[in-house]
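Make a model of the complete structure from these sequences and hints.
Residue numbers (the numbering used here), protein chains in the order written: chain Y, 1 to 269; chain F, 1 to 159.
No lab work stands behind these hints: they were computed from the structure.
Glycine residues also receive a C-beta, built at the ideal position from the N, C-alpha and C atoms.
Hints may contain errors.
Residues from chain F that face chain Y, not an exhaustive set, calculated with beta carbons under 8 Å [said to hold, decoys possible]:
1) Leu3
2) Phe14
3) Ser17
4) Ala21
5) Val23
6) Arg25
7) Glu42
8) Ser43
9) Tyr48
10) Pro51
11) Lys64
12) Arg94
13) Asn99
Listed next, the stretches of chain Y that the computed footprint assigns to chain F, with coverage defined by at least 3 CB atoms under 8 Å from CB atoms of chain F [said to hold, decoys possible]:
14) 21-32
15) 52-63
16) 88-94
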Amino acid sequence: MLRLKATFRKFITLLAWELEEIPYLLLGTIVFSTTIYVLYPGVSHSAGSLRIGELIERDSLKFKASIQDYLFYPSLIIDAIEPLAAFLAGILFATNVARTFENKELQTLLTCPVKRTHVILSKFCVNYSILYISSAIPFLLDMILLGISSLSLDIYIWLLILAFPILFACSLAIFISVTLKMSAFSAVLPPLIYFGLSKALDTSSEKTYMLLYSKWDEKLFKAIQDWITLQSVPQIGVEFLYIFLYRFLLPVLLLAFSVIYFDKILQLD
Amino acid sequence: MRLIKLVIVFFLTFSISLGVATVIRGLIPEELTSGITLLPYESYTAIYRWPPRFVRIELRSSDKIIFQIYYTNHENHTIIEKYTDRGLFTINVRQRRLNYYILMQNTLNKSVNVNLYITFYGFEKDFVHLSIILNTLSISISFVYVYLSIKRSNIESQD
Numbered sequence: 001m002l003r004l005k006a007t008f009r010k011f012i013t014l015l016a017w018e019l020e021e022i023p024y025l026l027l028g029t030i031v032f033s034t035t036i037y038v039l040y041p042g043v044s045h046s047a048g049s050l051r052i053g054e055l056i057e058r059d060s061l062k063f064k065a066s067i068q069d070y071l072f073y074p075s076l077i078i079d080a081i082e083p084l085a086a087f088l089a090g091i092l093f094a095t096n097v098a099r100t101f102e103n104k105e106l107q108t109l110l111t112c113p114v115k116r117t118h119v120i121l122s123k124f125c126v127n128y129s130i131l132y133i134s135s136a137i138p139f140l141l142d143m144i145l146l147g148i149s150s151l152s153l154d155i156y157i158w159l160l161i162l163a164f165p166i167l168f169a170c171s172l173a174i175f176i177s178v179t180l181k182m183s184a185f186s187a188v189l190p191p192l193i194y195f196g197l198s199k200a201l202d203t204s205s206e207k208t209y210m211l212l213y214s215k216w217d218e219k220l221f222k223a224i225q226d227w228i229t230l231q232s233v234p235q236i237g238v239e240f241l242y243i244f245l246y247r248f249l250l251p252v253l254l255l256a257f258s259v260i261y262f263d264k265i266l267q268l269d
Numbered sequence: 001m002r003l004i005k006l007v008i009v010f011f012l013t014f015s016i017s018l019g020v021a022t023v024i025r026g027l028i029p030e031e032l033t034s035g036i037t038l039l040p041y042e043s044y045t046a047i048y049r050w051p052p053r054f055v056r057i058e059l060r061s062s063d064k065i066i067f068q069i070y071y072t073n074h075e076n077h078t079i080i081e082k083y084t085d086r087g088l089f090t091i092n093v094r095q096r097r098l099n100y101y102i103l104m105q106n107t108l109n110k111s112v113n114v115n116l117y118i119t120f121y122g123f124e125k126d127f128v129h130l131s132i133i134l135n136t137l138s139i140s141i142s143f144v145y146v147y148l149s150i151k152r153s154n155i156e157s158q159d
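Pasting the structure below:
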């Protein structure tokens, strides 16, 4: 127990150290670009009109319809954030991981009594947190502007779902940074691979592309909402298996491979 | 110490970018078009939630209809009520979370085609307030931090 506590304390110290090493300009660029992008009228829907219902009265009969599709607008914002996350994760990991190979900073760090696994995991956690927080704050603001109550469960489910595309982008970026060890390639390749993957999927199977890039968040939102409110137990079908494999298992495997590669295989000069 | 600086940079950048986003949103008008055919003696009401901006509504219909815009805030508040076939109306929306109703009622014994062109322009008032408050707060915090840093370095140099 004491050993676990000491390890945890060491990891927290490493996290704080990594956080302090983030360049201000890079942090500012990420916060600025995500805020402007998420709140831009083409991405955000809160600057325009929301149609929430209609009433029709004909021959003394009344029809009332409530329109709630705007409650799914956060899904469109998540879809829009994803390419930006791939782009920013590339830059962030190139600066914070790949460049440390080039300027030998990592060798210096590893002379300290720290585990290699902790070093790479702390870098991942810090970069992931920066990207997530800088996307989640404008996203949360936009949802509140859309009229979703800040006390409603929906907001927290959407914030949870936002974690998945950022996990995907970050795990891809760390994998490339660790394996290539070159900052230029590490910055450029994650967005290229992201767009290449989506294009390849779109041309090979449009249905799978729609599921994994457009409908997945809505489906996940409905399933989590139903499960939490105990309305129904989510049906684990083929669609959910695809979503689980692509949106969770693939990023986790990429991250695990990156950590193992850094820990066991990578030779530092 | 660097962590505090990092948090200040984050907060300052966020508030500045919120200000820029407010300007961008204010400069880009949002447009909405809707067309409907009202059957004889039919009444149609569309319910909207609008951002606190200026809203320009252009009505074009093939014959005269009762055109009414109102919002509910515990009770109904009528903004516009006309018996007309066309017109251009401008509304200053003050609050975001109110329900705005556009009622179109056909009082004739024939069908009427109605087209509505809704344009939102100007700054969102709540967004402007939020960005002013956050900018003031973040700039004040930055100044306090810089002042304290200078004071501390002066004390250290005296020692």
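Cross-check of the supplied hints:
Because the closest C-beta pair between Leu3 of chain F and chain Y is about 6 Å apart, less than 8 Å, the hint holds. With a cut of 8 Å, the hint placing Phe14 of chain F at the interface with chain Y holds, because the nearest CB-to-CB distance is about 5 Å. Given the 8 Å rule on beta carbons, the hint for Ser17 of chain F holds: about 4 Å separates it from the nearest Cβ of chain Y. Using the Cβ-Cβ criterion of 8 Å, the hint placing Ala21 of chain F at the interface with chain Y is satisfied: the shortest such distance is roughly 4 Å.
With its C-beta approaching chain Y no nearer than about 10 Å, Val23 of chain F sits outside the 8 Å limit, and its interface hint is violated. Below 8 Å, beta-carbon pairs count as interface contacts, and Arg25 of chain F has one with chain Y at about 5 Å; its hint therefore holds. Interface restraint check for Glu42 of chain F: the shortest CB-CB distance to chain Y comes to about 5 Å, inside 8 Å, so the restraint holds. This hint holds: Ser43 of chain F has a C-beta 4 Å from the nearest C-beta of chain Y, less than the 8 Å allowed.
Because the closest C-beta pair between Tyr48 of chain F and chain Y is about 5 Å apart, less than 8 Å, the hint holds. Because the smallest distance between the Cβ of Pro51 of chain F and any Cβ of chain Y comes to about 6 Å, under 8 Å, the interface hint for this residue holds. Among the interface hints, the one on Lys64 of chain F is violated; its C-beta lies about 18 Å from the nearest C-beta in chain Y, farther than the 8 Å criterion. With a cut of 8 Å, the hint placing Arg94 of chain F at the interface with chain Y is violated, because the nearest CB-to-CB distance is about 15 Å.
A cut of 8 Å between beta carbons decides the hint on Asn99 of chain F: the least distance to chain Y is about 7 Å, and the hint holds. Counting residues of the region 21-32 of chain Y whose beta carbon lies closer than 8 Å to any beta carbon of chain F gives 6, which meets the minimum of three for the stated coverage. Taking a C-beta to C-beta cut-off of 8 Å, the region 52-63 of chain Y contributes 8 residues in contact with chain F, enough for the three needed, and the coverage statement holds. Using a Cβ-Cβ cut-off of 8 Å, 0 residues of the region 88-94 of chain Y lie near chain F, which falls short of the minimum of three, so the contact claim is violated.
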